[in-house]
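Asks: In UniProt numbering, the protein residues as written are 1 to 439.
Hints were generated in silico from the structure; no laboratory data involved. Treat the hints with care, as some may be off.
Distance ranges between label pairs, derived from CB positions [as the list claims (entries may be wrong)]: (1) Asp-251 with Phe-377: 44 to 52 Å; (2) Asp-161 with Asp-331: 42 to 50 Å; (3) Ser-284 with His-235: 21 to 29 Å.
Built from N, CA and C at the ideal position, the CB exists for glycine as well.
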Amino acid sequence: NIKTQLKKVSLFKIQLQSTFLVRLNRIKTQQDMSEFNIFNSEDFKYQKFNQTDQSQEYRRANTDQLEFNDSDVYTSDEDDCDFSDDNNRYYFDEDDHQHNQTQFQKEQLQLQINKSNLEKIQKEAKDVEYKIQNSIKQKEIGFRNIFKLLVSKKKKRFDYDGYSLDLTYITERIIAMGFPAENYEKMYRNSMSDVQKFFNNRHKAHYKIYNLCSERKYDIQAFGGMVAQYPFDDHQAPSLQLIYRFCKDLDQWLNANSNNVAGIHCKAGKGRTGVMICCYLMYSKQHGTAIDALRYYGMMRTQNKKGVTIPSQIRYVLYFEKILLSKWKLDQIPDIEIRLTKIKLLTVPNFGILGGCQPFFTITCKLKNVKYFSKDFIKIQNYKNEAYIEFIIDEIKVKGDVQIQFFHKALLKKKQKMFQFWFNTAFFEQNGVIVIDKH
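With these hints in hand, go ahead and build the complete structure from the sequences.
Replies: What follows is the structure in structure tokens.
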């Protein structure tokens, strides 16, 4: 059994168990935004898995740095530290002292590297913004549509040269934008005609549009046939294969001509768009780490520096970093299969009117053609004051990308989503542990 320590901020956590034990800690009961720790119960060796030097704790500490306000930045170590004299009265020998000193020096060096990286990213962001500003003829427009401003929320806009678009230059050649809409929707989103004018005037014959929406399309002739589609669902993670194909396509297009630019969009032009752009920034070696790419994208796309925020999407950017560091080709990603036999929620989340919940869940794995509905096998019950909820399930084999969704059986509607998450079975550590944080 793996012993765990529940932090005071945790509302509940989940355990999935079989050949591998997967434990998930959730900090807040907020739809699509959860914290999870994933564990494998058995020691396990990869056939084609080259472990990187980056440890889980290092990744957790760096992930925390996605928050840019210093008052909001914290690491997992801070919650457990107690510097009272009573707890520090112990004997240690010279070897311990040297070890502690070496560890302290490593931590200080890492802090200096992080600070240096942040300064480089800030400078890069300012340089790009300066160059874009110099390319603008008319600095501001006279009228701004209040409805478009409300829909854009904290995203940066292009309100120059007579345009008012939910659109941002992430680099001089990569543009993130909202969906180019028609009919009544153009009243509060980007107008298709305005987006067409923007690209034809500023990048005529040198632009290509990338549509990431799975829920909607438009005639590719709207942009002269220069449209590529790499669709995946809103608030979800893309497959690693889709990321790879997108990066290869975009890289070929940008390298074909130094004047070529890419306009990349989903529906809002933030989450899904950010995942793919961040992966490409690493693929093209413009940024060396997922943390740096995510941080840079947040600076460029939004006013509050919060670009990609959904944990599963952040997780897949981190996955792609590992793929690149390991120099895997698309067909070299480890093909790992696991069996799930148990799911346990430690403490009961509150979704019912009087507290508690009536939970059921689904497990989806396209690679193994698995679609498991717990309500077909497990009776839905009401839980409120129990210490935990445990689900014993038949052994389910999953491989590759796996999605687990939890729902609450509500009174006024059939179901209410409680939370969801994605993970890929190729990324279990050799010690059987994956730590997945919600910030």
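Asks: Mind listing which of the numbered hints don't hold for this structure, in increasing order?
Replies: none
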